[in-house]
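Visitor: Residue numbers (the working numbering), protein chains in the order written: chain E, 816 to 926; chain A, -19 to 93.
It should be emphasised that the hints constitute simulated quantities derived from the structure, not laboratory data. Hints may contain errors.
[What the hints assert, rightly or not] Partial list, computed: chain A residues near chain E (C-beta under 7 Å): (1) Gly22; (2) Lys79; (3) Phe84; (4) Gly87.
Positions of the beta carbon are idealized from the N, C-alpha and C atoms, including for glycine.
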Amino acid sequence: DAKTTQPPSMDCAEGRAANLPCNHSTISGNEYVYWYRQIHSQGPQYIIHGLKNNETNEMASLIITEDRKSSTLILPHATLRDTAVYYCIARAQTGANNLFFGTGTRLTVIP
Amino acid sequence: GAGVSQSPSNKVTEKGKDVELRCDPISGHTALYWYRQSLGQGLEFLIYFQGNSAPDKSGLPSDRFSAERTGGSVSTLTIQRTQQEDSAVYLCASSLSTKGGYTFGSGTRLTVV
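Okay, chain E solo, but in the shape it has when bound:
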């Protein structure tokens, strides 16, 4: 799986959009970009995934650059409950058994 790089921490004001970047410059054509988050003392929670088109669901939007070397997870209106560690993972959907969780970005939503 391609290595991903994320900033270790970010702050965001409550009610504002949180934009979490991820670099995956070595991503291969069959690897999807997955985002998970882990709120303190809980198991990770799946957020969204995509291949090359932008994706949106009830939790977030995923913007993937045209060259697929980077992506941004957008939480449109951050709340205090969105404070968590966010993991960006590049993974092929076939032949791959393991999601490799790096160190992620610790997002702190500030009142």
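Using the hints, position chain A against chain E.
Guide: Same frame as chain E, now just chain A:
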């Protein structure tokens, strides 16, 4: 059930004892994963089950660790002769296939004293 259920939620055991951790995946999910997370650390892959295929055991840290999945549903992770470095949160996840997102349980916090 609606989610992935793990039991016990907390387990304190003496060094050298064996422990069994249980995972009930979401009904119908064919893929099941075990991870562990030490305090302040990232998630470490342990083992993966997919249907009737042979499990991927490549992440098990030693031969003291083993896991089985009976009937394609419930899984048990067994740690024999526990050591203090085994202390961690053990997380189980399941998914409908390898393509979608995983659903994680709340984990079992294992403390070896």
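Visitor: All hints are to be evaluated individually against the structure, with a verdict given for each.
Guide: Okay, the hints, checked on the actual structure:
no.	hint	result
1	Gly22	holds (5 Å)
2	Lys79	holds (4 Å)
3	Phe84	holds (3 Å)
4	Gly87	holds (5 Å)
In terms of the numbered hints stated before, the structure departs from none.
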